[in-house]
Amino acid sequence: MNLDSLMLMRDELLLTLIILVVLIAEIILSPKNKKYIIQLALGLFGIYTIVSFIPLPKGSLFGGSYQTYPLVHYFKAILATGVFLILLQSVSWIKEKLLPYDFTAEFFILLFASLLGLNFMMSAGDFLMFYLGLELSTMPIIALTTFEFWNHRSIEAGVKYVMLASLSSAILLFGVSLVYATAGSINFDVIKGALHLPLLEIIGLIMIFIGIGFKISLVPFHFWAADVYEGAPTVISNYLSVISKGAAVYVLMTLLFITFTAFQKEWNWIMYGTAILTMVVGNLFALRQQNMKRFLAFSSIAQAGFILLAMLSNNALGVKAIVYFLLVYIFSNVAAFGVVHVISLKSGKENIDDYNGLYISNPKLSLVLMIALFSLAGIPPVAGFFAKFFLYTAAASKGYYVLIFIAVLNVTISLYYYLLPVRAAFLRRSENPIPYFKSDNYSRIAFIITMIGLLVLGLYSGVFEFISNISNIL
Amino acid sequence: MDILTLFVVVPVITVLIMVLFTKDLKQARMVTLVGMLVQLLMSINLIVKYMEARGSGNHAIMLFEKNIPWFTEFNANYHIGVDGVSVLMILLTTLIVIAGTFVSWKIEYLPKEFFISLIVLATGVYGFFISLDLFTMFVFYEIAVIPMYLLIGIWGSGPREYAAMKLTLMLMGASALLLVALLGIYFTSASGGQSPTFDVLELANRHMDVQWQKIFYPLAFIGFGTIGALFPFHTWSPDGHASAPTAVSMLHAGVLMKLGGYGIFRFAMFLMPEGALFWQDFFLILAVTGVTYGALSAIQQTDLKYINAYSSVSHLGLVLFALLMINKTAWNGAMLQSLSHGFITALFFALIGMIYGRTHVRDITKMQGMMRIVPFLSVAYVIAALANLGLPGFSGFVAEMNIFVGGFLNNDLYKQILTGLAVTSIVVTAVYMLRLTGRMIFGPTTKIYTNLPKAYWYEKTAIALLVLFITLIGTIPFWWLQFIQDSVNNFIQPLIK
Numbered sequence: 001m002n003l004d005s006l007m008l009m010r011d012e013l014l015l016t017l018i019i020l021v022v023l024i025a026e027i028i029l030s031p032k033n034k035k036y037i038i039q040l041a042l043g044l045f046g047i048y049t050i051v052s053f054i055p056l057p058k059g060s061l062f063g064g065s066y067q068t069y070p071l072v073h074y075f076k077a078i079l080a081t082g083v084f085l086i087l088l089q090s091v092s093w094i095k096e097k098l099l100p101y102d103f104t105a106e107f108f109i110l111l112f113a114s115l116l117g118l119n120f121m122m123s124a125g126d127f128l129m130f131y132l133g134l135e136l137s138t139m140p141i142i143a144l145t146t147f148e149f150w151n152h153r154s155i156e157a158g159v160k161y162v163m164l165a166s167l168s169s170a171i172l173l174f175g176v177s178l179v180y181a182t183a184g185s186i187n188f189d190v191i192k193g194a195l196h197l198p199l200l201e202i203i204g205l206i207m208i209f210i211g212i213g214f215k216i217s218l219v220p221f222h223f224w225a226a227d228v229y230e231g232a233p234t235v236i237s238n239y240l241s242v243i244s245k246g247a248a249v250y251v252l253m254t255l256l257f258i259t260f261t262a263f264q265k266e267w268n269w270i271m272y273g274t275a276i277l278t279m280v281v282g283n284l285f286a287l288r289q290q291n292m293k294r295f296l297a298f299s300s301i302a303q304a305g306f307i308l309l310a311m312l313s314n315n316a317l318g319v320k321a322i323v324y325f326l327l328v329y330i331f332s333n334v335a336a337f338g339v340v341h342v343i344s345l346k347s348g349k350e351n352i353d354d355y356n357g358l359y360i361s362n363p364k365l366s367l368v369l370m371i372a373l374f375s376l377a378g379i380p381p382v383a384g385f386f387a388k389f390f391l392y393t394a395a396a397s398k399g400y401y402v403l404i405f406i407a408v409l410n411v412t413i414s415l416y417y418y419l420l421p422v423r424a425a426f427l428r429r430s431e432n433p434i435p436y437f438k439s440d441n442y443s444r445i446a447f448i449i450t451m452i453g454l455l456v457l458g459l460y461s462g463v464f465e466f467i468s469n470i471s472n473i474l
Numbered sequence: 001m002d003i004l005t006l007f008v009v010v011p012v013i014t015v016l017i018m019v020l021f022t023k024d025l026k027q028a029r030m031v032t033l034v035g036m037l038v039q040l041l042m043s044i045n046l047i048v049k050y051m052e053a054r055g056s057g058n059h060a061i062m063l064f065e066k067n068i069p070w071f072t073e074f075n076a077n078y079h080i081g082v083d084g085v086s087v088l089m090i091l092l093t094t095l096i097v098i099a100g101t102f103v104s105w106k107i108e109y110l111p112k113e114f115f116i117s118l119i120v121l122a123t124g125v126y127g128f129f130i131s132l133d134l135f136t137m138f139v140f141y142e143i144a145v146i147p148m149y150l151l152i153g154i155w156g157s158g159p160r161e162y163a164a165m166k167l168t169l170m171l172m173g174a175s176a177l178l179l180v181a182l183l184g185i186y187f188t189s190a191s192g193g194q195s196p197t198f199d200v201l202e203l204a205n206r207h208m209d210v211q212w213q214k215i216f217y218p219l220a221f222i223g224f225g226t227i228g229a230l231f232p233f234h235t236w237s238p239d240g241h242a243s244a245p246t247a248v249s250m251l252h253a254g255v256l257m258k259l260g261g262y263g264i265f266r267f268a269m270f271l272m273p274e275g276a277l278f279w280q281d282f283f284l285i286l287a288v289t290g291v292t293y294g295a296l297s298a299i300q301q302t303d304l305k306y307i308n309a310y311s312s313v314s315h316l317g318l319v320l321f322a323l324l325m326i327n328k329t330a331w332n333g334a335m336l337q338s339l340s341h342g343f344i345t346a347l348f349f350a351l352i353g354m355i356y357g358r359t360h361v362r363d364i365t366k367m368q369g370m371m372r373i374v375p376f377l378s379v380a381y382v383i384a385a386l387a388n389l390g391l392p393g394f395s396g397f398v399a400e401m402n403i404f405v406g407g408f409l410n411n412d413l414y415k416q417i418l419t420g421l422a423v424t425s426i427v428v429t430a431v432y433m434l435r436l437t438g439r440m441i442f443g444p445t446t447k448i449y450t451n452l453p454k455a456y457w458y459e460k461t462a463i464a465l466l467v468l469f470i471t472l473i474g475t476i477p478f479w480w481l482q483f484i485q486d487s488v489n490n491f492i493q494p495l496i497k
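For the protein sequence lines, the chains are A and B, in the order given. First residue of the first sequence: 1, per our numbering; consecutive thereafter. First residue of the second sequence: 1, per our numbering; consecutive thereafter.
These are calculated hints, taken from the structure and not from any lab test. Built from N, CA and C at the ideal position, the CB exists for glycine as well. Careful, some of the hints might be misleading.
Stated by the list, open to error - Derived CB-CB ranges, DEER-like:
| id | chain 1 | residue 1 | chain 2 | residue 2 | range |
| --- | --- | --- | --- | --- | --- |
| 1 | B | Val12 | A | Lys58 | 56 to 66 Å |
| 2 | A | Phe405 | B | Gly393 | 31 to 41 Å |
| 3 | B | Asn410 | A | Phe405 | 30 to 40 Å |
| 4 | B | Val210 | A | Ser361 | 51 to 61 Å |
| 5 | B | Thr302 | A | Glu431 | 42 to 52 Å |
| 6 | A | Asn351 | B | Thr445 | 46 to 56 Å |
| 7 | B | Ile47 | A | Phe405 | 35 to 45 Å |
Given the sequences, and given the hints that come with them, work out the whole structure.
Below you can see the structure in the form of structure tokens.
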């Protein structure tokens, strides 16, 4: 092992470095200069995001427990972009709420540490690294959900999350040990060759699926989602719903498509059932929500159900569809949560009814909200349409027409609730709408990037072609 | 840039100009009008080019084809091209939007956004009519549908939120069925080692497996049929019409509902001929029910907009009915009816909007003797009514003539009986149209409405434009039929082998 091979871990090393720099800055900066930590962390992370797009060769480290290849590398870059957008949106929140308590550096350190964990989890070549990454990503999030500690809902969210997260990782760990017991190894490649389909391995796989399903908030492991999303700071809800979920989906995909591909028949019916359940339950609960954060929580549960459609394909098309969908989903959900966040910060209002007449007072923000929701609902020419279309295509490639039929019916249901905020903002008129306000420049930049992303990603096929070219991981 | 893509690009540019530079109603409507006039010139140019090409012996199925790779992974291409029917449909769209712009000349609430939504809708419709690729077609279809939500929801009247939501959900639900059918067509085309394709002309050559056709054809038919007011999936249409602002009703009935018949003609039946023949009898019942039920419902209504909405259900039911008859005469009639109904209904809704704008009442029992108060509008209304009930000299007559003759050309008794049932709708139409005009237009004048303003110049322009084309189709049907026959002859081939 030499320095060159260590460079394979460039992303993780850089991220660790940033964490250390922020930590040192926290120590040496005097209290009145603490506000510069925001600029420092944002700047460093911006550089990291750009650097993460520089190509890396394929390779593995530590005897195969760390693996990198173009797809996972670019997926990390996508996640970094997502986190950067979330950070841009959170600047004013940090200034307003965290700076007085001197929690700024902790926020950044914890968030970056969680991202670091996700990176390790996706790059894992064995279950040890996978589990370490998973825990490293979960622990900081528990702390972050309680960051609005003056709000009892935030504390409640943290407690709920820590209970259910530890339960789910215990189940996952048990599953891993069952797989280890039969296959005799924790290395993915070895396991792949050693699977003989005894009952223990299937049970192990199901338990691992439950553990990851919790992170993706698949039904019936979704109960934490709405409460945590509602109670946690919006920034963290946003992070949970896109970044952490995206990484977990990616890991589930690689586990199923590569490591446990021999069990396809067995996990296909699990996926089939879970997909229908997740879509239907997510949609039906989303219909009745008044709080925008709960609403987006259930919407993101339903979206996870759609992702499972492509999981059924177990082919290269599925990989492409999933990665592309996640990319688009990150942009859509970050934008939607961003609008909710900005409005909640400026006016304290989070209910759909409070959005009545928003277009008259804040036209640009309403447009962002509309485009983001249209993308989530899958309406062209916004990118979400193409992403969903490719998910169906992946499922149809294996002939799951009935499932697609159920899915498209669910899309129609989902359209109803995605139109509710649009209805409030555009159709309804209000005596006292949320007054006009200028959002800060950072969130504006984030909104502009997401909007450009949502329009370009779909109409310009180059991005999809690029993902398609690097998706040869099977 | 080719002359077809311009139909998508010019509206987008118009929208961009509006977003960036216009501030008030005057600027917005001027930009819209200029943009639409450019598109009118483009449509006329397209017709001229088309006639030149056909005149010089170019007998390709589609003219001005262009095939640009889009998502090469899925073989989904931006493949466009036109034949006779699409050329006419594009002309129809342009004219209706122009008329709609004139009708909305004085719109007060959020004018800029109104015109932008209108143009976006038109863009989707243009794109739909030029698409030769199922993927592209589907994208444009949804782009055409979604602005309706905002148009009805924001500028509508009455239960606008309900109507907008109902319309959007039903049309999107229908498009969901369509989507399943498209994916089915796409993946079953992969047999024999070829890569699957969305390309319509290519798919027609590959001959989809008959078993699969029987499964996917009804999905496609209902998917398209819903937007074409197929009974019992038409319920979105009366509510939508009643709540929509005038220009939107015009566009909705005049253009958007045409996507249904056109889609069945161009995609569903062409790609799945055996499926179409298998399901023919079943859907005929639905179509005939729609025709008679729509007409009978119209009798019951007293709201002007509902009368026309149900009349639309009846007349568009005839389009589906004619398509299901599967012979050239009926198909010629179907396409002619699409055009004719587009102009007639647009005229109706324009007039209803103008009358309502003056009296603020749409209930026919509450106004009488409009002829003395607003003579221009009343005369135009009588013309529209006569055209609608199929008086010779107007477009409705030639279209329905072709349809019913086509229906009776079938040798089997079942279809002849159904045709006979459908013919009764003419009588019913005459009943409600004549009764309506007799009560509302003629007779003693209602006192409270004596001082209403006469028609303004922009209203007259819109009406004159529409009446002109209704009479043009009615008096020189052969000129229009040459376009239609050109495309019917090609597209009926797989079905009458």
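Against the structure, the hints:
1. B:Val12 to A:Lys58: 56 to 66 Å: violated (42 Å)
2. A:Phe405 to B:Gly393: 31 to 41 Å: violated (48 Å)
3. B:Asn410 to A:Phe405: 30 to 40 Å: For Asn410 (chain B) and Phe405 (chain A) the Cβ distance comes to about 34 Å; the hint holds.
4. B:Val210 to A:Ser361: 51 to 61 Å: holds (58 Å)
5. B:Thr302 to A:Glu431: 42 to 52 Å: This hint is violated: roughly 35 Å between Cβ atoms.
6. A:Asn351 to B:Thr445: 46 to 56 Å: With Cβ atoms ~52 Å apart, the hint holds.
7. B:Ile47 to A:Phe405: 35 to 45 Å: Cβ of Ile47 (chain B) to Cβ of Phe405 (chain A): about 41 Å, so the range 35 to 45 Å holds.
In the structure shown, a violation is registered for the earlier hints numbered 1, 2 and 5, in ascending order.
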